[in-house]
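Top line first, the protein sequences correspond to chains C and B. Going by this note's numbering, the first residue of the first sequence is number -16, and it counts up by one from there. Going by this note's numbering, the first residue of the second sequence is number -16, and it counts up by one from there.
These are computed hints drawn from the structure, not numbers from a lab. Just so you know, these numbers come straight off a predicted model, no measurement behind them. Hints may be right or wrong, so weigh each one.
Treat identical chains as interchangeable: a pair holds within one or across any two.
To be verified - The calculated lysine-lysine pairs, modelled on BS3-like cross-linking and capped at a C-alpha distance of 30 Å, are:
#1 K211 - K258
#2 K211 - K28
#3 K28 - K209
#4 K320 - K196
There are 2 protein chains.
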Amino acid sequence: MEEKEKRTEIGELGEFGLIDKLTAQFESYQPGTVKGVGDDAAVIKGGGLYTVVSTDLLLEGIHFDLMYTPLKHLGYKAVVVNLSDIYAMNATPGQVTVSIGLSSRFSLEAVEELYAGIKAACDYYKVDLVGGDTASSQQGLVISVTAVGQVAPAKITYRSGAKVGDIICVTGNLGAAYLGLQILEREKQVYLSEPDTQPDLEDQQYIIGRQLKPEARNDMVKYLAKSKVVPTAMIDVSDGLASDLMHICKQSNVGAFVEESGVPIHPEAQQMALKFQLDPITCALSGGEDYELLFTIDPKDLPEVRLLPDIYIMGELTDRDQGIKLHTKGGNIHDIKAQGWRHF
Amino acid sequence: MEEKEKRTEIGELGEFGLIDKLTAQFESYQPGTVKGVGDDAAVIKGGGLYTVVSTDLLLEGIHFDLMYTPLKHLGYKAVVVNLSDIYAMNATPGQVTVSIGLSSRFSLEAVEELYAGIKAACDYYKVDLVGGDTASSQQGLVISVTAVGQVAPAKITYRSGAKVGDIICVTGNLGAAYLGLQILEREKQVYLSEPDTQPDLEDQQYIIGRQLKPEARNDMVKYLAKSKVVPTAMIDVSDGLASDLMHICKQSNVGAFVEESGVPIHPEAQQMALKFQLDPITCALSGGEDYELLFTIDPKDLPEVRLLPDIYIMGELTDRDQGIKLHTKGGNIHDIKAQGWRHF
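Isolated chain C, as found in the complex:
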């Protein structure tokens, strides 16, 4: 970098100084937030609703690579992936807590970048940061986010409510985030071997954006409410369509029949898969990190759902004995195998 950036050591502020500094800029959006940061616990008003709680642990070197992940994007994504879990319950998130562990390699300016991303997500999704913890770590960056939301009991969607004959729907498109990661990993390898090379991102802003700055489908929860449709089951596509569909099938005790032609793939993802000599449908099935919503509906709700934007009909649920099958465009029928998340 040409310009010398300012570097403030975190030790200069201490824990409480750091928390005060990082959280001072967060304002409150939610009338239900009675007490946010600064006490032993956050306080949230109830009122006949169910409270839903989701949590994720993100570790440097496992879940993210700071070589190509800007800290601001990372902060944004850390919040978004948790909100996505709340939306997948058909609930509305209201609050998040964020805990971070920092090694001495991180300056105050770096942590402020991370929190600028966390704040951008809070502002966009209108959720309140209400607590957390900061600690030093011996190595690397650790981020733990917990999201809290609410939903009327009659509207909640579990993974377990689907029935044989229900229609399988998915929002948006699948596989692009995985291909974005492949591009970033490729450019990292190029950079490591030839540090003077300029990155060749091939104008793949859409695909790379899907990896670095995903959004959660808050719009779908609103659309479904407006059309008075409650999915029979819902999950967010984080591990990959195959793995996440398998969760619904396992917990609902059903099988599934998916039409390849019904699986939405973005044209840029399609093209990039072929460049990487990957099968686009495999990227869509096993890629993960799409943060789209996979849900099933009773056939009677199909006319309503057809009117909603950005929802694709992918197939239907079958008897458990039929397994989980893909009907390819070529007319063959394959088993869908979950690959999903394999950090261990």
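Once you've looked at the hints, dock chain B against the given chain C.
Frame of chain C, contents of chain B only:
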């Protein structure tokens, strides 16, 4: 160790297999737990109460040392320190989520030990494990716990509600956990230099237990409810009495006058402090990790509180301008300085 212990690699199970195995043994205590582990989020029933949420991040090498911390104790303590924050709001915890990051050094048997401790805490405090996340880590063990509780709006106790003239109370005794840590650190150094030496724990089971297996004061929340006393402010003693009292004073905009003779110190802690050539009152003020409750009450409630067991009257709140003072047994008056937590 003489016997060869069984070692199962976590990779053999995969993420979902690991979660299933670790959480299968947890039963539900809380009628409010609608949905626990196994969906995108946990679901908790409300009903006119405030929901309180607290979270902690524990990192190996910073917050705990596995050389002298049995994994079962660590799991227990990780839950207890979060429950303590919920009790400090005068609330009752109902649910916890636990996320863990594991390096390849940990076997399934080791993680099961950790979860045995988590389960022991859930069983003792009657809280439900309702979610979490597991991930591999590049180095060391990472534990993130979030606790959720509920409280009637009229009973909630913030750090900010104390007034000049309120009486300062504390439960149990202070400083022992810090001295337990000193013993464990000393024995670690002895072991590192002479591995054949037997540990000399000097029958200090009480002190060491305060460090390795602290309990949260769930009894106090019940006592206070029974005697219909709502403290004006409350905090749990995690960073150290001085630091935690300072939080109340800062947020309530008051000063404090503490009698040294009112600060409860266990006889074993007293004795051990002198052996380490430390001032017992300094250990009590700055030690931390006691997980006792520090609270303030309106003077009119004093007769009721005097009848409750294991509560000590330590002093009273003064004007902010008076600062935070200690009246020593020798008759001197000193400023109380917060040292508290200094991981950075």
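Now for the hints, and whether the structure bears them out:
1. K211 - K258: Neither: 42 Å inside a copy, 71 Å across copies.
2. K211 - K28: both (26 Å within a copy, 23 Å between copies)
3. K28 - K209: both (25 Å within a copy, 24 Å between copies)
4. K320 - K196: within (28 Å within a copy, 44 Å between copies)
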